[in-house]
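Based on these hints, arrange chains B, C and D on the given structure of chain A.
Number of protein chains: 4
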Amino acid sequence: MFQFEEGKCYKMPAHFGGAPFDPDAKAIYDDVVTVDFCYTTDAEKLCNYIPEGLELIKPELTIEFQQCRQVQWMAGSSYNLVGVTVPVQFDGQNDHLEGAFVLVMWENKTTPILTGNMMGVPKIYADIEDLHPFADDLRTRLSFEGKTFLELEATRKTAMSEDQIKAMATDFGSIGWRYIPKVGAPGADLSQPILFPMHRSPRSGWIGTGALKWTELTWYQNPMQFYIINELAELPMLDMAPVVITQGSQVLMEPRGHVLS
Amino acid sequence: MFQFEEGKCYKMPAHFGGAPFDPDAKAIYDDVVTVDFCYTTDAEKLCNYIPEGLELIKPELTIEFQQCRQVQWMAGSSYNLVGVTVPVQFDGQNDHLEGAFVLVMWENKTTPILTGNMMGVPKIYADIEDLHPFADDLRTRLSFEGKTFLELEATRKTAMSEDQIKAMATDFGSIGWRYIPKVGAPGADLSQPILFPMHRSPRSGWIGTGALKWTELTWYQNPMQFYIINELAELPMLDMAPVVITQGSQVLMEPRGHVLS
Amino acid sequence: MFQFEEGKCYKMPAHFGGAPFDPDAKAIYDDVVTVDFCYTTDAEKLCNYIPEGLELIKPELTIEFQQCRQVQWMAGSSYNLVGVTVPVQFDGQNDHLEGAFVLVMWENKTTPILTGNMMGVPKIYADIEDLHPFADDLRTRLSFEGKTFLELEATRKTAMSEDQIKAMATDFGSIGWRYIPKVGAPGADLSQPILFPMHRSPRSGWIGTGALKWTELTWYQNPMQFYIINELAELPMLDMAPVVITQGSQVLMEPRGHVLS
Amino acid sequence: MFQFEEGKCYKMPAHFGGAPFDPDAKAIYDDVVTVDFCYTTDAEKLCNYIPEGLELIKPELTIEFQQCRQVQWMAGSSYNLVGVTVPVQFDGQNDHLEGAFVLVMWENKTTPILTGNMMGVPKIYADIEDLHPFADDLRTRLSFEGKTFLELEATRKTAMSEDQIKAMATDFGSIGWRYIPKVGAPGADLSQPILFPMHRSPRSGWIGTGALKWTELTWYQNPMQFYIINELAELPMLDMAPVVITQGSQVLMEPRGHVLS
Numbered sequence: 004m005f006q007f008e009e010g011k012c013y014k015m016p017a018h019f020g021g022a023p024f025d026p027d028a029k030a031i032y033d034d035v036v037t038v039d040f041c042y043t044t045d046a047e048k049l050c051n052y053i054p055e056g057l058e059l060i061k062p063e064l065t066i067e068f069q070q071c072r073q074v075q076w077m078a079g080s081s082y083n084l085v086g087v088t089v090p091v092q093f094d095g096q097n098d099h100l101e102g103a104f105v106l107v108m109w110e111n112k113t114t115p116i117l118t119g120n121m122m123g124v125p126k127i128y129a130d131i132e133d134l135h136p137f138a139d140d141l142r143t144r145l146s147f148e149g150k151t152f153l154e155l156e157a158t159r160k161t162a163m164s165e166d167q168i169k170a171m172a173t174d175f176g177s178i179g180w181r182y183i184p185k186v187g188a189p190g191a192d193l194s195q196p197i198l199f200p201m202h203r204s205p206r207s208g209w210i211g212t213g214a215l216k217w218t219e220l221t222w223y224q225n226p227m228q229f230y231i232i233n234e235l236a237e238l239p240m241l242d243m244a245p246v247v248i249t250q251g252s253q254v255l256m257e258p259r260g261h262v263l264s
Numbered sequence: 004m005f006q007f008e009e010g011k012c013y014k015m016p017a018h019f020g021g022a023p024f025d026p027d028a029k030a031i032y033d034d035v036v037t038v039d040f041c042y043t044t045d046a047e048k049l050c051n052y053i054p055e056g057l058e059l060i061k062p063e064l065t066i067e068f069q070q071c072r073q074v075q076w077m078a079g080s081s082y083n084l085v086g087v088t089v090p091v092q093f094d095g096q097n098d099h100l101e102g103a104f105v106l107v108m109w110e111n112k113t114t115p116i117l118t119g120n121m122m123g124v125p126k127i128y129a130d131i132e133d134l135h136p137f138a139d140d141l142r143t144r145l146s147f148e149g150k151t152f153l154e155l156e157a158t159r160k161t162a163m164s165e166d167q168i169k170a171m172a173t174d175f176g177s178i179g180w181r182y183i184p185k186v187g188a189p190g191a192d193l194s195q196p197i198l199f200p201m202h203r204s205p206r207s208g209w210i211g212t213g214a215l216k217w218t219e220l221t222w223y224q225n226p227m228q229f230y231i232i233n234e235l236a237e238l239p240m241l242d243m244a245p246v247v248i249t250q251g252s253q254v255l256m257e258p259r260g261h262v263l264s
Numbered sequence: 004m005f006q007f008e009e010g011k012c013y014k015m016p017a018h019f020g021g022a023p024f025d026p027d028a029k030a031i032y033d034d035v036v037t038v039d040f041c042y043t044t045d046a047e048k049l050c051n052y053i054p055e056g057l058e059l060i061k062p063e064l065t066i067e068f069q070q071c072r073q074v075q076w077m078a079g080s081s082y083n084l085v086g087v088t089v090p091v092q093f094d095g096q097n098d099h100l101e102g103a104f105v106l107v108m109w110e111n112k113t114t115p116i117l118t119g120n121m122m123g124v125p126k127i128y129a130d131i132e133d134l135h136p137f138a139d140d141l142r143t144r145l146s147f148e149g150k151t152f153l154e155l156e157a158t159r160k161t162a163m164s165e166d167q168i169k170a171m172a173t174d175f176g177s178i179g180w181r182y183i184p185k186v187g188a189p190g191a192d193l194s195q196p197i198l199f200p201m202h203r204s205p206r207s208g209w210i211g212t213g214a215l216k217w218t219e220l221t222w223y224q225n226p227m228q229f230y231i232i233n234e235l236a237e238l239p240m241l242d243m244a245p246v247v248i249t250q251g252s253q254v255l256m257e258p259r260g261h262v263l264s
Numbered sequence: 004m005f006q007f008e009e010g011k012c013y014k015m016p017a018h019f020g021g022a023p024f025d026p027d028a029k030a031i032y033d034d035v036v037t038v039d040f041c042y043t044t045d046a047e048k049l050c051n052y053i054p055e056g057l058e059l060i061k062p063e064l065t066i067e068f069q070q071c072r073q074v075q076w077m078a079g080s081s082y083n084l085v086g087v088t089v090p091v092q093f094d095g096q097n098d099h100l101e102g103a104f105v106l107v108m109w110e111n112k113t114t115p116i117l118t119g120n121m122m123g124v125p126k127i128y129a130d131i132e133d134l135h136p137f138a139d140d141l142r143t144r145l146s147f148e149g150k151t152f153l154e155l156e157a158t159r160k161t162a163m164s165e166d167q168i169k170a171m172a173t174d175f176g177s178i179g180w181r182y183i184p185k186v187g188a189p190g191a192d193l194s195q196p197i198l199f200p201m202h203r204s205p206r207s208g209w210i211g212t213g214a215l216k217w218t219e220l221t222w223y224q225n226p227m228q229f230y231i232i233n234e235l236a237e238l239p240m241l242d243m244a245p246v247v248i249t250q251g252s253q254v255l256m257e258p259r260g261h262v263l264s
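Chains as they are written, first to last, in our numbering: chain A, 4 to 264; chain B, 4 to 264; chain C, 4 to 264; chain D, 4 to 264.
Just so you know, not all the hints are guaranteed correct.
A pair counts as met if it fits within one copy or between any two copies, since identical chains are not told apart.
[To be verified] SDA-like, lysine to any residue: derived pairs with alpha carbons at most 20 Å apart: (1) 14 with 122; (2) 14 with 193; (3) 185 with 121; (4) 185 with 201; (5) 11 with 122; (6) 185 with 195; (7) 29 with 203; (8) 14 with 50; (9) 14 with 55.
Hints in this document: simulated from the structure, not taken from any laboratory.
One chain only, chain A, in its complex shape (with noise of 0.2 Å):
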């Protein structure tokens, strides 16, 4: 028969075994582009959507494109990413940190939507489209089966500063909340905020200007993610950020993950 061994990781299905758990295991992604717009909206309606235990720092979104290339554990493959995350603070008996809670994730690869998921950041499944360069211009959208619901365009203006770059390369968290529901009735077997520590090692940056539209979309359009997009459309734009884009590598630390408590 087969036996869970003591100190392994598995991940389902499980039973084809398991791997060491090893604390200081890193995800190297070796090409990172990101692009990101940040804006201020209401800070009652995004009140809305953060968990009690979690408060809000300023009333801020963020929506962050990334394409990851040359991701090690995906033996040099890729994928793109689109978060959305506000910036918010925990204060419990042993935890007193800020960080970025993720909203919500799109990806277009299921692997790491799944392992994110199974980590607490709430992932789901898009199109998305690797940037096209145009000129100074960066543009990619997002579509679920056929039907695009987000396009994004960036302007690169000014190259940063070296001393600006290595400012930006720091260790952060993301934020998310674990909710792994009952079987058979509802309400959940777990459901916790979760800390999932990142570096980022920008090699260059571009302070920058750009746009992006949401596109509301109907229940027959995407019956499982319409509801989201929606309410994220009805944020109010009020103050658009520069935009910020950086190239360079990227480091997850999984094991260095925790429950916050």
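For chains B, C and D alone, coordinates are given in the frame of chain A:
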């Protein structure tokens, strides 16, 4: 702030809202073609993949292809899957039943993969061709990022009688092993057998012949799945039963699922 | 050396060999669903797209979706298309006939696009969803690199009688304008109207209602097609006929095609 | 009515309008990675694929992978290709030149396939993975509807010097055989050798090692291409040259192409 409501069901991202629990909710699939390949294999080797608590009934591997169309919860969209199952028995304190234990299930759409994993069905991604029907032959193949690893081929020989078709309309249960890893540590927060009940109503059926071909892979070709594919490929095909093909509807009764105990 | 043989048909790359010409060769499509949207539009505007030599019969635009499955020459594979046609008449020295002049045809597979273009059917690429059937509704949409440009929605209202279905089984002809550009110079090596004969045998049919929605695009969103989409989008929908839906088989008789003269 | 204008260039569908002919128009590809596998093969067998009028210079087959990004005429979009070429000489009344005769070229986007065929480059469709870079290894594979048929693997060993890189910046010519079939009859309306001029400007380069693996196919697995793949697979690999890898820009000068005579 967002607050979870009593009696509601949520999916990640949970904070966009949940739905009331409906114990009678059914996921109706109006047009499902199934092609079943079933063969006797080595009992001892097969047992290596059966977790303690489940008991192998006979050393038989079933590779079932499903072409699922007109999926109502997907607003009429479609997906394909290939499930690898073995017949097992569970004898616990409360539950005493037989079912098809899912060793692994490949699907070509992320949404059912993600929801299935949360319920304990070990689904992972592959590109899976729609059936290529040519006269009475049906062919399909599974690949990952351009690398083929499983080819299926069946020929319809004899149409089933109405009585045979009626006899196939049954409730049945998939058994999965739900494994939700700890965050930042080895081991599991949840590790448990699950029953996932379904009902199948074929409208037509055929008995036929067929063949399947595994291709073993390296880490470089499919880093997250190669060992699963290779272990399955190494299970001997001792005696292939006639291939069974059906077309009809299928109903998933997720709220009737439960943790086996 | 490779030598072309008399009486053989070649496709690029030709030097891997050709096939004998068979005037009776038929390309059989065993399972084709068609959904036809037909509306009156502005005659003067429409004439801008009818080359000299062809004459507009009535100012009517037909947008036909086809879901082609069990395509024999593709070994049972499938593809979807949307053709935009107008009824025209050709009166030449030898040929006097009416047919559906193809303004443009989108398809989601390269092989039929390429062979069709060689025969004068102006096919270009789009992602085209399989039909999403939901109760009596059928939906699909066309997009290019993630940007939606045409959405189609139909509802089956009345099933056709056997006599109505039989009456729809006909030979018919698509008319294309074959334009093969000169190499390294403006103008054409070949510029000529072509008849492409087909036969349709519906097995079932419905009359229904429906709607279609164009989205105008920019060069950045679809640099090779935006102007085609925008010009079609600007043709007014003056009077929409009932939507016609059929399911059955279709036969392409390419060797019976000829240059109109 | 639509009328063709003198001096304009059209593409099917032509009746939506053409563009002025610009003899200096350049299609600029800002980011192209090339990986070249070159091996000696059997001269006699190879000659079977060289049409009369062209002369084999040496029995050498080059399999070139290109990852084309930032393609300006595609508004910054991208595609991959694999071209199979042999060095040939053309000695006609007017033209005396050497070039790479294209036996076949697979690409993963329809638009360049279609326009290339019209100019005589024998392009057909395959799914082609972006490069999977892992340390100094680069891997990719070609498949059609889920069935792998060519796997490429290279390792960067030595970076080229600046002089070596500069020396690789050259004009060069692809030679294609344009074959436009008659409609409704065997044989061709146009059957002619074509020169397609290009310019390559590498910014970096490596010499390395590598391997490629063909998988022979059946009609059922790839009905339009299996014989091409099988004939190429059967050409012996007698002596593999070092693999050459470059990264840089590329320019296609289609209006400078011409029919060889």
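Going down the list of hints, with the structure as the test:
| no. | hint | in the structure |
| --- | --- | --- |
| 1 | 14 with 122 | both (11 Å within a copy, 14 Å between copies) |
| 2 | 14 with 193 | both (17 Å within a copy, 12 Å between copies) |
| 3 | 185 with 121 | both (14 Å within a copy, 9 Å between copies) |
| 4 | 185 with 201 | between (30 Å within a copy, 18 Å between copies) |
| 5 | 11 with 122 | within (16 Å within a copy, 22 Å between copies) |
| 6 | 185 with 195 | both (14 Å within a copy, 12 Å between copies) |
| 7 | 29 with 203 | within (12 Å within a copy, 38 Å between copies) |
| 8 | 14 with 50 | between (34 Å within a copy, 19 Å between copies) |
| 9 | 14 with 55 | between (29 Å within a copy, 17 Å between copies) |
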